[in-house]
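Chains as they are written, first to last, in our numbering: chain A, 1 to 260; chain B, 1001 to 1260.
Since the hints were made in silico from the structure, they are not lab data. Computed from a prediction, not measured in an experiment: that's the story for all the values here. Hints are not guaranteed to be accurate.
[Said to hold, decoys possible] Under 8 Å between C-beta atoms, here's a sample of chain B residues computed to sit facing chain A:
#1 S1013
#2 L1016
#3 P1077
#4 F1084
#5 P1085
#6 A1090
#7 P1093
#8 A1106
[Unchecked claim] Pairwise CB distance ranges (calculated):
#9 E237/A x D1057/B: 33 to 41 Å
#10 V243/A x P1195/B: 46 to 54 Å
#11 A1090/B x E191/A: 25 to 33 Å
Think of the CB as a built atom: it goes at the ideal place given N, C-alpha and C, for glycine as much as any other residue.
Number of protein chains: 2
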Amino acid sequence: MQLNFLGTSGAKSLPLFRSQHPQSVAARQDPSRRRHPSCAYVEAEGWGLLLDAGRFDVGELLEDKPFRGVCVTHFHPDHVQGLFPLRWAAGEPFPVFAPQDEVGCADLTTWSSRLDWRRVEPFQTIDFGPFVLTPVPLNHEPCCLGWCVETPAARFAWLTDTSGLPTETLAYLRGWQPDAIAIDCTYPPRETPHPAHNDLTQVLRIHAQLAPETTWLLHLNEAILQWLEEHPDALPEGVALPVENQPLSLIHRGNLTLKS
Amino acid sequence: MQLNFLGTSGAKSLPLFRSQHPQSVAARQDPSRRRHPSCAYVEAEGWGLLLDAGRFDVGELLEDKPFRGVCVTHFHPDHVQGLFPLRWAAGEPFPVFAPQDEVGCADLTTWSSRLDWRRVEPFQTIDFGPFVLTPVPLNHEPCCLGWCVETPAARFAWLTDTSGLPTETLAYLRGWQPDAIAIDCTYPPRETPHPAHNDLTQVLRIHAQLAPETTWLLHLNEAILQWLEEHPDALPEGVALPVENQPLSLIHRGNLTLKS
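If we strip away everything but chain A, and leave its shape as in the complex, we get (with noise of 0.2 Å):
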């Protein structure tokens, strides 16, 4: 399995605009350091699936692949909003599961041209070309659901946005055993842990209860960002910051490697 981290901020991406946060100067210095918002894009066998599209000029970057569908975790716009441009595609319309959930977003559903909607239940099992894929409940309003993505080489998940996880997402992924999981860390360690969104502390106990070969941070920002180049043996060996736009070829346990 084929796997490449496209967008890893929240809404607020990196530079933001007008901003002088040592994050946001020095991604315009490095566009290496730049973030966009959610979305990452799988492929084996020939297939491409998009993990969320939060990014804008998700066209752009799979114009020359296999893609064939994109699994959305929920409606807010930092997670669909490169469906806007998107579905206005030459050619057949293609397969969108998401969650089921009557207020969307904009006119996404009502003028969905090349959008092919499919709504999901939670633990619902989709074969899907060389893909298994089941959506998992996470916490986060509105209906929001993480999606476990499985070939016979590997296992991943993509869990954003969530504040910890449910009890039966929990149980589910723990029997899963996901090679590697990317994971929403919205906030450095936080006493009370927020609502809509995972703190550090949150993430490192996720990856103790899953003991993933990897786990990624997700709706990465300036303050979490920042924070963690002040606090550098705060991620223990198995977690870690993606790079955008770099493919990493997935193997089952312990045979995670960069592509070249």
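With chain A held as given, fit chain B onto it using these hints.
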């Protein structure tokens, strides 16, 4: 008055994802032929103003500009989607002048952040730094307002989206005598007008009625661009395709010049 067309397409920007239409193929090969959703930047006396914010990367384009506010025509995503990221800007809130539309676009008005919404009435005159701004009704659902932008140096009207012009708007513009207009020209000549967007026949009639120095065509797409390429004599003197991101100096009557 400086004028910079940042976005001159509708929702279907160029190139369209996966399209093999000659206009999209050409736009992929030649970046100067790309067209983004509706967006223009005007500047006078150190005050910068956006007309619509259909372009997603508008923050990057404005980073070094004395940007002060936005005039929104209506709440279709291809006119406001650039506000999704822009609202999380650092610094002070900035005014966003917009029509009274209860529906809006997703959560843009619920989570305004730096967007200081100012609801306006048709023909209400607004003093904004060196600008006098007057919104004028257009023929497009939902409630849609064109924007007349005046400085001591020049008068420019941004008239998209619309099919023809309402009688009161045409009368106002005739009296106002714009130096230049930019107007929805979604379709090649049609036998019967489209209810929501201009065709070229309608645009040429408006150009003749208002007699501005220059009429620029907006809301461009593969079909109208192809038709214009195949009918090179279709545009009379004074009617032109805008070039994106090439600043112009707009000076009263007969002195419209490229900035260099």
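Checked hints:
no.	hint	verdict
1	S1013	holds (6 Å)
2	L1016	holds (6 Å)
3	P1077	holds (5 Å)
4	F1084	holds (5 Å)
5	P1085	holds (6 Å)
6	A1090	holds (4 Å)
7	P1093	violated (12 Å)
8	A1106	holds (4 Å)
9	E237/A x D1057/B: 33 to 41 Å	holds (37 Å)
10	V243/A x P1195/B: 46 to 54 Å	holds (49 Å)
11	A1090/B x E191/A: 25 to 33 Å	holds (26 Å)
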